[in-house]
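Enquirer: Sequence:
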Amino acid sequence: MDDLKHTVTSPAQTNATKNWQARLELGFAKRDARSYLAHRLHHGPLVVQKSLHPEGDEVCHAVIVHPPGGVAGGDALHLQVQVGAGAKALLTTPGAGKWYKANGTMATQRLTFQLAAGSGLEWFPQENILFDAAEVGFAADIALATGATLATWDIVCLGRQAQQEVWQQGLYQLNQRITRDGRLIWNERASMHAQDVVKTSRVGLNAAAVFGAFLVCAGAVPAEVLQACREIAVPEAKVGITALPEVLCIRYVGNASQQARQYFEQCWQILRPWYYQKGAVRPRIWNT
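Numbering-wise, numbering that gives the first Met the number 0 puts 160 at position 161 of the sequence shown, and it's gapless, one number per residue.
One thing to keep in mind: the hints can contain errors.
Straight-line C-alpha distance at most 27 Å; calculated DSSO-like pairs for lysine-lysine [unchecked claim]:
| id | residue 1 | residue 2 |
| --- | --- | --- |
| 1 | K198 | K97 |
| 2 | K198 | K237 |
| 3 | K100 | K17 |
| 4 | K97 | K49 |
| 5 | K100 | K198 |
Hint data in this document are derived by calculation from the structure and do not stem from the laboratory.
Construct the entire structure; sequences and hints are all you get.
Expert: This is the structure:
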């Protein structure tokens, strides 16, 4: 069994604010042919379950858990991941992220990923559900070294569809940066209030409740791989694929978070044999 180099826990909720300030640090390394979780440190309610190897030694799977089950206004989550040279990791979540009514303060999620030369990280969380009146800021700062591979998606659902809730008030913000050897290769920013025109405009979301993006940073995509992704049919939704020299971006706009995830998974099945030279193996938690 691989031993963690460092594991620390400490309380992160102050009596004054009653808000959670949670941080989780993970470090993955490679020993011989095996990728493993070598470092873990957390403050507050953001933890990782036991690492798994459902597809053999090459890729280490881990599930990120937020025990409170939901994120309230004023809460802040910070996930820091370092992947050492040659190591590969796949991270996901056990269920949808729930972002509650803001009550006057914004909730935030920050991702800080550092990938060493020849490493790989797949970050595939389940959808984020923004309750009516939620105010949420998502930020990601991802640094890739030479030969590192990144695959990441995010899916946002505006309102609780099961309760037929409409996102009538609130704020969604995104600030996502990806660099390769210190050079900026992707920079996306968004700021949308629930009452903004972009939410209903035909050139915006066109009143759709679900949107998402799947990014792969692994160099130029072979034409046949790109074509196979473009041939996937997604009824009653809008999808688009943009292939830049260093970033592949796949987008979904529709009204079903499950459909969005199924679409991204279909693309993943096609893309992974290209960027990892191995087939896609679904995390076990997705089957529960």
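Enquirer: Now look at each hint and say whether the structure bears it out.
Expert: Evaluation of the provided hints:
{"no.": "1", "hint": "K198 <-> K97", "result": "20 Å, holds"}
{"no.": "2", "hint": "K198 <-> K237", "result": "14 Å, holds"}
{"no.": "3", "hint": "K100 <-> K17", "result": "15 Å, holds"}
{"no.": "4", "hint": "K97 <-> K49", "result": "23 Å, holds"}
{"no.": "5", "hint": "K100 <-> K198", "result": "19 Å, holds"}
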